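Protein chains: 6
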Amino acid sequence: MFVSRDNYEKKADKYVRLHGTIEFAGGGSFEDVVETFRNAGIVPEEAYSGINYGGTIHDHSELDRVTRAYIDAVIKGKKLTKSWKKGFNGIIDAYYGNYPETFTYKGISYTPKSFAQSLGLNMDDYVGITSFTHHPFYRPFVIEVPDNYIWGLNYNVTIDELIEIIDNSIEKGYTIAWGADVSEKGFQHRKGIAVMPDMELNNLQGTDRERWEGLSKTELETEILKFDKPVTELKITQEMRQEAFDNYETTDDHGMHIVGVAKDQNGAKFYKVKNSWGTDNSEYSGFFYVSENYVRYKTMNILINKNSIPEIIKRKLGL
Amino acid sequence: MFVSRDNYEKKADKYVRLHGTIEFAGGGSFEDVVETFRNAGIVPEEAYSGINYGGTIHDHSELDRVTRAYIDAVIKGKKLTKSWKKGFNGIIDAYYGNYPETFTYKGISYTPKSFAQSLGLNMDDYVGITSFTHHPFYRPFVIEVPDNYIWGLNYNVTIDELIEIIDNSIEKGYTIAWGADVSEKGFQHRKGIAVMPDMELNNLQGTDRERWEGLSKTELETEILKFDKPVTELKITQEMRQEAFDNYETTDDHGMHIVGVAKDQNGAKFYKVKNSWGTDNSEYSGFFYVSENYVRYKTMNILINKNSIPEIIKRKLGL
Amino acid sequence: MFVSRDNYEKKADKYVRLHGTIEFAGGGSFEDVVETFRNAGIVPEEAYSGINYGGTIHDHSELDRVTRAYIDAVIKGKKLTKSWKKGFNGIIDAYYGNYPETFTYKGISYTPKSFAQSLGLNMDDYVGITSFTHHPFYRPFVIEVPDNYIWGLNYNVTIDELIEIIDNSIEKGYTIAWGADVSEKGFQHRKGIAVMPDMELNNLQGTDRERWEGLSKTELETEILKFDKPVTELKITQEMRQEAFDNYETTDDHGMHIVGVAKDQNGAKFYKVKNSWGTDNSEYSGFFYVSENYVRYKTMNILINKNSIPEIIKRKLGL
Amino acid sequence: MFVSRDNYEKKADKYVRLHGTIEFAGGGSFEDVVETFRNAGIVPEEAYSGINYGGTIHDHSELDRVTRAYIDAVIKGKKLTKSWKKGFNGIIDAYYGNYPETFTYKGISYTPKSFAQSLGLNMDDYVGITSFTHHPFYRPFVIEVPDNYIWGLNYNVTIDELIEIIDNSIEKGYTIAWGADVSEKGFQHRKGIAVMPDMELNNLQGTDRERWEGLSKTELETEILKFDKPVTELKITQEMRQEAFDNYETTDDHGMHIVGVAKDQNGAKFYKVKNSWGTDNSEYSGFFYVSENYVRYKTMNILINKNSIPEIIKRKLGL
Amino acid sequence: MFVSRDNYEKKADKYVRLHGTIEFAGGGSFEDVVETFRNAGIVPEEAYSGINYGGTIHDHSELDRVTRAYIDAVIKGKKLTKSWKKGFNGIIDAYYGNYPETFTYKGISYTPKSFAQSLGLNMDDYVGITSFTHHPFYRPFVIEVPDNYIWGLNYNVTIDELIEIIDNSIEKGYTIAWGADVSEKGFQHRKGIAVMPDMELNNLQGTDRERWEGLSKTELETEILKFDKPVTELKITQEMRQEAFDNYETTDDHGMHIVGVAKDQNGAKFYKVKNSWGTDNSEYSGFFYVSENYVRYKTMNILINKNSIPEIIKRKLGL
Amino acid sequence: MFVSRDNYEKKADKYVRLHGTIEFAGGGSFEDVVETFRNAGIVPEEAYSGINYGGTIHDHSELDRVTRAYIDAVIKGKKLTKSWKKGFNGIIDAYYGNYPETFTYKGISYTPKSFAQSLGLNMDDYVGITSFTHHPFYRPFVIEVPDNYIWGLNYNVTIDELIEIIDNSIEKGYTIAWGADVSEKGFQHRKGIAVMPDMELNNLQGTDRERWEGLSKTELETEILKFDKPVTELKITQEMRQEAFDNYETTDDHGMHIVGVAKDQNGAKFYKVKNSWGTDNSEYSGFFYVSENYVRYKTMNILINKNSIPEIIKRKLGL
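Listed in order, the protein sequences are those of chains A, B, C, D, E and F.
Numbered by the working numbering, the letters in the first sequence go through residues 296 to 614 in order.
Numbered by the working numbering, the letters in the second sequence go through residues 296 to 614 in order.
Numbered by the working numbering, the letters in the third sequence go through residues 296 to 614 in order.
Numbered by the working numbering, the letters in the fourth sequence go through residues 296 to 614 in order.
Numbered by the working numbering, the letters in the fifth sequence go through residues 296 to 614 in order.
Numbered by the working numbering, the letters in the sixth sequence go through residues 296 to 614 in order.
Source of the hints: derived by calculation from the structure; they are not laboratory data.
Because the structure is a prediction, the values reported are computed rather than measured.
Treat the hints with care, as some may be off.
As a list, the in silico BS3-like pairs of lysine-lysine whose alpha-carbon atoms are at most 27 Å apart [stated by the list, open to error]:
#	chain 1	residue 1	chain 2	residue 2
1	C	Lys530	C	Lys512
2	A	Lys380	B	Lys371
3	E	Lys512	C	Lys521
Which bits of chain D does chain E cover? Going by a derived footprint, with three or more residues having C-beta under 8 Å, they are [stated by the list, open to error]:
#	segment
4	314-328
5	586-592
From the three backbone atoms N, C-alpha and C, an ideal C-beta is built for every residue, glycine too.
The following block holds chain A by itself, in its conformation from the complex (with noise of 0.2 Å):
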C-alpha cells in the first residue's frame, strides 16, 4: 500500500503537469515499485496497510473516483494555486492514513527509506525485459501500455531469447517478476492452468479428432476448456504475440511471480506461477501451472536480476 500511495502522488503531479495526458488510474507496472524502493523506501504492509475507510476490503472505487474528479478540476485552471497538492494529499490522508515517516516493524523503528537500506537489496541489479517488433532489438524502449505512466523502460529480446532469459533465472535460483495479460478463456485459475489451447478441429489428430469430430465450435471450445487432459496448444510466435498485442488482444497485463518450471506427462514444458490471488479458490494453495507457449503470446515484461541473463544476451544489451 505504501507503493501505491506514493504512486497516486506521483501520478497525480505528472498528470498535472501533463494537463491530462497519461492514464490517471489504480493499476501501475513493476518500474513503479522500483522506482518507489529507490527514491522513497519501502513499508511492510503489516506496518502500513493503509485502509483508512471503514473496511476491511480495499475497495478504490471511491478513492478512484474523487482523485479523479480531483485532478480534473484542477487542470481546467488557466493559472494553478499552490494549494492543490495539499489538498490532493488531504484525499489521500482521508483514505490511505497518514504518511507513514516512521513506523515499527518486529520491534524496529523504521523510516521507509531505512526500511528500504536494511533489506540489502540494490535497484540498479534489477532490468525489465520485453519482446516486441515494433521497437529495434536489443535496445530499451518505453511498452506503450496505459498503466506504464511512468514510461518505464524495458530491454527488447527476441521471444526465444526471452523464454532463454527465464529458463536462465530459474537455473540459477533466481524468481522472475512476470507482467502477463490473464484475460484469455486458456487462463484459469481456479484451475491451477493456464495454457493456449487450438481450438481448431482440423489441426487436431488422433483420439481428439475422433473424440470431438461433429460437435460445433461453441460445444468443442467448452469440450476443451475442461481441461480433463493435455491439450494440443497453439505454436506461439514472434508475429502472432505482436499482432496481438497491435490489435488489443493483449492489454490487461497483471504482475505474477515465475518460481520454477515443470514437465506434464506429454513432456511439455510449464512454469510454476505464484498469484497474489488467495489460495482460497486455486488448485494448487496459491500457485498455478503456465505453459511456455502462453508465456511466449501473453507476457507483457519481466523483471529480473541482471545476473540471471546469459552471458550472450547481456552483451547484446551492453549490461
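With chain A fixed as given, assemble chains B, C, D, E and F onto it according to the hints.
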C-alpha cells in the same frame, strides 16, 4: 471566511445526503451567518483570513471547481465510505488553512464559540422578512432561490409593510441587512446610486420630454443613465416585483447594509447603503444611495432585529 | 392520481424557481399527500384515474422524460415567458386527462375540495416522526432525502421512542403510514416477510451453526434467505440505523401501512403491514410481516395521528 | 404565424417518426408555405398573431428550447404512448394561442381553409427553381439544406436560365419569392445594397487601383465596403456558386421578394428586393438593390408562377 | 458489398450537405440497391468481397465508428476543404479494398456498369409498395424510417391490396422483395416460422383454452411460442398496423424474399420466404414460412415488378 | 511539412497503442524533427508543400478534427482491425498529398533518406538542454509538456549554466534552437522585443518613478508596454522560472532560433532571435531581440550541438 468555511462543510454534507439535489456554490444567505454564529461561533477576519494558496486575494474558482468535482464523485457511489468527509476537510484545510480551534484577537485567546459569546448578540432576536405573493402573507416560508441551500425561513409581509419595517428600524437606530438584486441597469455602484428609471419617453413630462424628443430608444437610455439630474422613476407595485421574481429578472442577490435615509433635491426618499465592494471606485467612499422604488422592486429579503418591527405588524406575524 | 398530478405541477413550479436545484422525479413523501389534501382537496381514484395514454397501466416513463426535459429547457432561459406553465399543464392534461374541477362519486357531485371536506379528516392532526442523530432529538427537521422535495418537517425521537409510538398507535386502534427502505435482501414481498437476518456464521448458535458449518458465505446467505425457519436477527441500534442512512444503504423509501402486531413461534414481534403491490404474488394476500428489527433499521419516517403518541413523548415534542 | 404553427406540428410528427434524424428548428422553406396553404389553409397575421406569452415580439428561443427538448425526450422511448402528440399541441397552444378553427377578418368569418379559398390562388401554379451541378439539370430534386425538412422539390436549371426566368417574370409582371444566403460581407441591408465586390487589388484597374495602391488587405476591404461608388464585381460562374454551396459558404438562406429591376449609373443590372426586416434601418424604406452577380452566386432557390417561365425552358422541364 | 460501398459514399455526401440531419448508419432500403444499380452499376460478391481487414467476416463496427466520427468532425467546420471527400474515400478503400473500376467474372472482364447492363434488368420496371394511413392512398410518399436516407418513394395502397399484389406476383411467377420488422416474438427464424399469435386466453377456444386454463400470462406465452401446433392468430387490420408503426413497434426492418405460398394443416395461408441469415440454424435450409397476418402487420414495404400488379390497382396508382 | 506528416502517423500509432492517453494535437518538439530526420529522412518544403486541400495556406483545423475523431473512434474497439492504419494514411494522403517516396530538388532526384544524408548532419551531435528543479540536475529527463508526445529527453542544468551554454554556442558560431513560452505581455513580436518588465511602481527608481507616480496599475502597465525607452526588468531566479512552470504560466512553447547577441544603450544583454512568423509585421524583418531575463524565465528547452557546450558542463552531463 470562518462563515464561508463552515458553510462549505455543511453544504457538502447536505449535498451528499440529498444526492446532489441542492445548489453547491459559493453564494449564501443571511441565514448562513445566523446559523454559523449560533452553532459554531464566529472568528474575526483578522484572526482567520483563510488565505492559504499563494496570493492575497480570495480566488475561489479553483476551490469551487475541486470541491464540486469531489462531492459529485462521492455521490456516484452506491455505498459511501466513512473517509469522504475527512478527505473533503483535507481539501478545505489546504485552501483555508486549518480550522481555528483557538485564536488570539486583540491579545485575548478565544475559541470561535467563546468569541461569539463575547459579542453579546442573541441570534434569536433576528428575523428575516420578505414580500412575495406566491405564499400567504404573515406566515414564514423558504424563499426559493438556489443560494438559500440552508432552507432558511422568512416572514412574508406586503411590500408597503416591508418599507414600513425598514423605516421604523432606521428611526429606532437599527441597521438593516439588505439582500437585493444588483443586476439592474439603474444600479450604478460607481456613481453611488441605485434607481429604477422610467425609460419610456411617453411617460415623461415637461423638460425631460422636450430634451429627449427624437432620440432612439438606445440613445434615450444612455442619456437617462448618465444620472446628471434626478430621473423619473417607475412606481413599483407588489405585482411588478412578483413578476420580476417569477421570470428570473430578480435572482442575483447580494448582501448589503441599510444604515440611513435621505432625500434628494426633489424630496424623493433614498436609503443610504453600505456595500462591501471597497471604497476605490465609489462616489461616496463605500456608501451609495438607493431609491425606495429600487428597494421595493429588487429586495430579496431583509434581516432585522425583531424589536425594530412596528407593533401592529409584529402581531400579524405572531412574534 | 390526483395527488400525483397536483405534485407534478407544484414540483415543476419549485424546480423552475430553484433553477433546477431540487429533485424532479416521480417519487414523493407523506407530506405531499397531506399538503395536497389541505390545499387542493382530494379525488377518489375511481373518479379520476388519470389514465389517458392508450393503456390501462400507468407507465410513467414517457411522462417523466418529457416533463423533465421540458422544465430543464425552461430553466435555461435568462428571462422566462408567462407561457411556460400553461405549456406544462398542457402536457399534464395530455397524460392525466384534464383537471377534475368537478366529478361525481357514488352519485354525488363534488369538487376536490368539497370531497376532502366530506371525509371529515383534519390534516392538522397528523404529524411525521423520524429518528436520526444528525439533528437534535425532539425538534422537527427536514429529512434530507431527494424525494422530500416539499421540505416537509418530521419530529425527531429516539428509535426506542419511535417503536413505542407505533405500538401505542396500534393499541389505540390507529394505523400508521410507514415509509421504509425496501431494498434489503431480507425484505421478501413474495414470502410475506421482512427481517434483518444475521448472516455471520460466528454469531450463530446451536443447531443453526451445526447445520451451516462448512458453507461458503454465499451458500450460507442462500440457505438463510430461504426463510424455512425463523432466522436469528441482527439487534439494531441507533448507531447502526444512522450509519446505514449516512452511507446510502437506506435511501430507497416506499410508503406502506402498519395495521397490526403479531408474534412468531419464538415470540419475536412482527408488525402486520399492508402493501400496495397487489395480492397476486403475495403469501398473505397483500399483507406481510415485518420484524421490529427491520422497522428499527429501515424506517425513514412514519405519519401518525397526534393522539396516538404517548403523553410523555408528546410533551417532549411540545405537541 | 399560422404557417409557423402548422409546421411546428408537422415537423414534430416527422421528427418523431424519423427518430430524430431531421432538422428540428425554427427555419423553413417556401414549400412549407405552399403545403400549409394547400392542406390547412391560411390565416392573416392580423387575425392570428400567435403571440401568447406576455410580450409583443416573437421571442422563439424558449419555445424552440422546450419543443426540441420535449420531442427529444419522446423519441427516447421504445414504445410511444398516444398522449405525446396531445402534449405537444398543449405546448404549442400555450405559446401561440389555441388553433384558429374560425376567425373574423374584415368583418367576415372564415376558417383557415375558407380563407385560403377566398384568395383565389392555385398552389399548383407555383414551382420552385434552383441551379446546382450535383444533380442533373431539368429534373426536380430535393435541395439538401437542413431547413428543407419537408423534402420539397425544386427544378434544376443552369444559372443563366435561372436569371432568364427571373427577368421574364418581372417583365410579365410577376414577383419572385427569392431564397438566398445573406451572410456575405457585400450584403448590406442598411445601405440598401447587395453586391459581390472583387477585393483583389490586382484585378482592379484605373483610378481604383491608383486610389487603393498601398493599402493592406484589411484596409482595402474596409474602403471597398464603404460603397461610396460602384464597385467592381466578381463575375460569378456556375462552378463558383457550386463550390460555395459545397463548402458551406452558401447555407444561411432567408426568404425575400424580387419585385423589379434597375440599372446603376454604370449600367450594371440590379434587382429591387423587398425584405421583411422593417423600414427603420433601411436606406430605401424596406427595399434594397441586389446585383445580378449576387443573385447568381447566392440564390438558393426561387418560387415562381409557372406561367412566368420562358417557353423553351418550360419545355425542358416538362412543365 | 459494392452496393454497400456505393451507399457509404453517397450517404457521407448527403450527411455533410445536410449538416448531419439524416441517419448515417449501416442499414439501407431497397431503393439503395435500385439507385446503385441504375447509376453506378453492380458487381457480383465473388468479384468484390470488400473484405480487407484481416478476417473473413464483415465486422462493420470499427468501420461504422470511424466513418461516423470522421464526418461528424467534418461538419463541425464553418468552411469545408476540398480534401474531406478524398479522405473519406481513403478510409473506405482501406476497409473495402479499392473501387473495382474493372473486374473479371466467369472469365469476362467488366466494369460495374457493363456488368449491370449484361444482366438485362430495367430498374424502371421496379416499384415500391407500402400501406399506411398517415398519407393518402394511391399516391407515392417517402416512408419515414431513418434507414430510408435516400428518400425513396413507395406507392401507398390498402393492406388488402398489398396482399393482393403479393398473391398476384407469386401467381405470375415473380418473387417479391419484402421489407419487414422481424423483432416480434412470433418471428422465430430457427423454427422457420413467423406468426402473430393471439396470447389472450379469453380469445382462445376449445382445447386450447382447456389446456392452458390456469397458466399465468408468462407461462401461457411460453407455451404458445413452443409452436408445437398451429396457433390462433390475431386478425390484423389496417388500424393495428398503423398503430404499431406510429408507436415504434414496427421499425426494425430487414430485407427478405417472398418466393412462394403454402397452406398449413388448418388451411391458413403462409408465404415461403428466403432469408439471408444462413442455413445452419434454420429448420428449412434458409427458408421459413410467414403467415398472412404477420405480413399484414409487419410489412414495411415491398419492391416488385410493375407487371405483377393487378390491373385495377395499377390504374389507381397511375402506373 | 514532411516532418509534420511523419509525426501525424507516429502520433496516431502511439495514441492508439496507449488507448488515447497521450496528447494528439498539431504541436510538437525539437525531438520530433531530430527523430524524423534520423529515421525517415527529410524533404525540403519546396519539394513537398503538403498543401492539397484547395488553398495555399495550411489550415489544419479540419485535418486536426477529422484525424482526432478517427483515432478516438478506433480506440473504442475491443479488438482492432488491420485496416485502421491504412485508413488513417488515406486521410493523411488526402490532406498532405501522397508520401514523397522520391522527389526532385534542384535538379537532383532524392528519397527523403538520401536527401537527409546529402546534408551531412549527424543527429547524434544534437542534444536538448533544459533547467528545472523538479528533477535532479545533470541527468536527462522527459519534460512534462503535452506536446512532448515523443517523450524526448533533455539534460537538466542550472539556469545560469543554460545561459552559459547559449553564450558559448554563439561565440563558437553555432545557432541555438530555442523553445520558449511566447504568451507573456512583454513578448511583442511586432515591436521586435521580448522582455520581462517590472511593473511594480515601488520597485522603480529615479525618473521612471517620478514620471509614473500617480498612475493606476493598468495605466502604469500600458505606459511601460509602450517600450519607448528601456524598461527595468525583473531579475529572474531559478525559483521564479520553476514556479511559472508549475502553475501553468509557462506552457505555450514555440520554436525559434537564437542567432546572435547584442547590448542595448544601457548595456543590457539581448539575444537576436529569428522567428518564423513572417517579416510583414516585424520591426526588424523577421528578427527580434530577447532580453536575457526573458530567456531565463521562459525558456522551455534548447537544442544545440554538443560541441558548443563548455567543457566543464559537458563533463557534469557525462557527454
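> Going through the earlier hints one by one, which of them does the structure break, listed in rising order?
Replying inline: Failing hint: just 5.
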